[in-house]
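Enquirer: Please put together the full structure from these sequences, using the hints given.
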Amino acid sequence: MMHRFDPFAELSRIQDDMARAFTRRDVQARTWQPAVDIFEETDAIVVQAELPGVKAEDVDVIVDNGLLTIEGERKFDKREDKGQWHRVESTYGRFTRTFALPKTVTADTIEANLDGGVLTVRLPKRAEVKPRKIAVKPGATPRQEIEAKA
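Counting from 1 along the sequence shown, just add 2 to a position and that's the residue number in the numbering used here.
Some hints could be false.
Unchecked claim - Listed below are the simulated DSS-like cross-link pairs for lysine-lysine, each with C-alpha atoms no more than 25 Å apart in a straight line:
{"no.": "1", "residue 1": "Lys105", "residue 2": "Lys77"}
{"no.": "2", "residue 1": "Lys151", "residue 2": "Lys127"}
{"no.": "3", "residue 1": "Lys77", "residue 2": "Lys57"}
{"no.": "4", "residue 1": "Lys135", "residue 2": "Lys105"}
Said to hold, decoys possible - Pair ranges (Cβ atoms, derived):
{"no.": "5", "residue 1": "Gly85", "residue 2": "Ile40", "range": "53 to 61 Å"}
{"no.": "6", "residue 1": "Leu69", "residue 2": "Gly119", "range": "22 to 30 Å"}
{"no.": "7", "residue 1": "Thr111", "residue 2": "Pro54", "range": "23 to 31 Å"}
{"no.": "8", "residue 1": "Ile16", "residue 2": "Gly68", "range": "46 to 54 Å"}
{"no.": "9", "residue 1": "Asp19", "residue 2": "Thr100", "range": "32 to 40 Å"}
{"no.": "10", "residue 1": "Glu130", "residue 2": "Leu69", "range": "21 to 29 Å"}
{"no.": "11", "residue 1": "Lys80", "residue 2": "Gly118", "range": "22 to 30 Å"}
{"no.": "12", "residue 1": "Gly55", "residue 2": "Asp19", "range": "31 to 39 Å"}
{"no.": "13", "residue 1": "Gln86", "residue 2": "Gly118", "range": "38 to 46 Å"}
{"no.": "14", "residue 1": "Arg15", "residue 2": "Gln86", "range": "31 to 39 Å"}
{"no.": "15", "residue 1": "Glu59", "residue 2": "Thr111", "range": "20 to 28 Å"}
{"no.": "16", "residue 1": "Asp66", "residue 2": "Glu130", "range": "21 to 29 Å"}
{"no.": "17", "residue 1": "Gly55", "residue 2": "Thr111", "range": "28 to 36 Å"}
{"no.": "18", "residue 1": "Gly68", "residue 2": "Pro140", "range": "41 to 49 Å"}
None of these hints come from the bench; they were simulated from the model. Glycine is no exception: its CB is placed at the ideal position from the N, C-alpha and C atoms.
Expert: Written out as structure tokens, the structure reads:
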């Protein structure tokens with residue numbers, strides 16, 4: 003039996019392999035991880051995570067062993083009153099972000115607030131690391147006047 007040479011067969015196989023590789027990467031890339039900003043104020047470290055469409059009851063903020071973990075779920079709204087979906091590009095599902103806490107913060111008084119799709123976690127600094135201004139008190143010795151000679 004004679005096989006006919008197809009110059010595009012190898013190219014087609016390579017194209018199929020590439021399509022499978024990119025499809026797998028696309029699925030992995032669509033795993034949702036909220037964007038996070040971390041900055042320092044005078045008295046606290048502040049962590050802000052973008053969580054649009056996430057409800058406060060679907061988010062957990064956990065402090066354990068020097069780590070801050072933000073985890074939760076962004077749920078897909080399947081309501082029928084929205085009509086027929088033609089395209090869904092937003093990512094949904096569970097997420098977890100973990101950050102090492104600096105030794106300068108105290109874990110006992112951490113506060114978390116979810117407002118307008120932004121989770122703000124305030125990590126207060128320990129009192130001994132906060133900059134403070136020391137008041138200078140006048141001495142008990144009265145001020146002496148010095149005579150100037152001309």
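Enquirer: Regarding the pair Lys135 and Lys105, is the alpha-carbon distance no greater than 25 Å?
Expert: holds, 22 Å
Enquirer: Lying within 20 to 28 Å: is that true of the beta-carbon distance Glu59 to Thr111?
Expert: holds, 22 Å
Enquirer: May I ask you to test the hint 38 to 46 Å on the CB atoms belonging to Gln86 and Gly118?
Expert: For Gly118 against Gln86, whose Cβ atoms are near 29 Å apart, the range 38 to 46 Å is violated.
Enquirer: Assess, step by step, whether the Cα of Lys151 is no farther than 25 Å from the Cα of Lys127, and give holds or violated.
Expert: violated, 55 Å
Enquirer: Against the range 28 to 36 Å, how does the distance between the Cβ atoms of Gly55 and Thr111 compare: consistent or not?
Expert: Given range 28 to 36 Å: holds, Cβ gap about 29 Å.
Enquirer: Does the Cβ distance between Glu130 and Leu69 fall inside 21 to 29 Å?
Expert: holds, 22 Å
Enquirer: Given the proposed pairing of Lys77 with Lys57, does the C-alpha separation stay at or below 25 Å?
Expert: With a Cα-Cα distance of about 9 Å, the restraint between Lys77 and Lys57 holds, given a limit of 25 Å.
Enquirer: At the C-beta level, are Asp19 and Thr100 separated by a distance inside 32 to 40 Å?
Expert: At 35 Å between Cβs, range holds.
Enquirer: CB of Ile16 to CB of Gly68, is that within 46 to 54 Å?
Expert: holds, 48 Å
Enquirer: Does the Cβ distance between Gly68 and Pro140 fall inside 41 to 49 Å?
Expert: Holds - the Cβ-Cβ distance for Gly68 and Pro140, about 45 Å, lies within 41 to 49 Å.
Enquirer: Take the C-beta atom of Leu69 and the C-beta atom of Gly119, compute their distance, and say whether it sits inside 22 to 30 Å.
Expert: Since Leu69 and Gly119 have Cβ atoms about 24 Å apart, the given range 22 to 30 Å holds.
Enquirer: Confirm or reject the claim that Asp66 and Glu130 have a C-beta distance inside 21 to 29 Å.
Expert: holds, 23 Å
The structure fails hints 1, 2, 5 and 13 (numbered hints given earlier, in ascending order).
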